[in-house]
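Undergrad: Sequence:
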Amino acid sequence: MDYISILIHKYPFSVIFFSFFVGWYIMPYILKISKKKNMIVHPNHRTSHEGNIPNVGGICTVSAFLITFLISNLFFDFKISTYLFLAGLYIIFLVGFFDDILEFTPMQKINGELLAAFILIVLANVRFTNLYGIFGIYELNGLWGGILSYGISFFAFLLILNAINLIDGVDGLATGIGIEACLFLALYFQMTGNICESVIAYLTIGSLAIFFIYNVFGNKSKIFMGDSGSLAIGYVIYMLICRFCEEGTSIAAPAISIGILAVPLFDVVRVIITRLKQHRPPFEADRNHVHHLLLSLGMKHRNVTFVLIAVNTTFILFSVIFRHWSNLLIIGTSAAMAICYTMFLWRIVVKHQNKQTINSDKNEKQD
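Residue numbers (our numbering): -6 to 360.
Since the hints were derived computationally from the structure, they do not count as laboratory data.
Hints are supplied without guarantee of correctness; some may be wrong.
As a list, the in silico EDC-like pairs of lysine to aspartate or glutamate whose alpha-carbon atoms are at most 20 Å apart [as the list claims (entries may be wrong)]: (1) Lys28 <-> Glu96; (2) Lys30 <-> Asp92; (3) Lys28 <-> Asp92; (4) Lys30 <-> Glu96.
With these hints in hand, go ahead and build the complete structure from the sequences.
TA: If you want it as structure tokens, here you go:
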């Protein structure tokens, strides 16, 4: 036991292999059961896949994480209320799982997310307590009895969960962004001596990696994450980002946190604003997300995923390189970059659609 503890403390990244192989062992059983119980998603107007694919990959990811987390908990004090953290994770997993099976209304889904948020933020006290000078605000606990701290934490929780959930529209995208975010946070925590947080981040990477392989490279063994997985990813990442900001080692922590999840965050904000401008419900499903725009250009799922991960990497690097800037300047510049990316993409999409229309008209005349 002591040997294992010393090994993990010295090489925290080693737990990646542990959670990966647990997931590797579980996944075939999940595939078999999901097909037998008809837990599959059929092609429809909201999806961009062909064939009937199981959509309960989140069961494997969450199970692998839980098993390895509980074993790791024997060697660490994770500095969070372990049972409350796991209770919130279990609730958010159930919300996603039943949404996959029964298709909750947006309000039912939000209510479930709020319950998990209450457990993690209020009961486990995993919340933001400092804005590092954004709008001239630093310490949050002293403002209105800490109400602002809780309000910002609840907002960030819902934003992160739903941003990752809504970006999960092509193979490997939500998982890839999750792996990238956790890798950055794991390396940061390891370099700053916060081994427990780095272990959680590495465990998440291993749990996601096995799903990524099946989802992106699987043929007959292909499986989707489902809301049970994407919401769980957001839940863990919220906790890690909150810990990252609360460490206080960088005054640009809020801006860097946004950079870590730039693609899903800016995309969900853009889509919601667009829907509201069109007098549509903000959570109404459509095909206006950035990955849908890239798919409309004829790109394959895998290429869309790697392009958007690369774009997300540019935001991470930008926020880290210019971390000596103020938070507002970094966030504002990142937002301007996101707008430029989107405008550039829209121009390409419009040109592509016009070209297709012209070719279609030519073919009709020839017929």
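Undergrad: For every hint, state whether the structure bears it out.
TA: Structure-based check of all given hints:
1. Lys28 <-> Glu96: It holds: about 19 Å lies between the C-alpha atoms, which stays within 20 Å.
2. Lys30 <-> Asp92: holds (16 Å)
3. Lys28 <-> Asp92: holds (18 Å)
4. Lys30 <-> Glu96: holds (17 Å)
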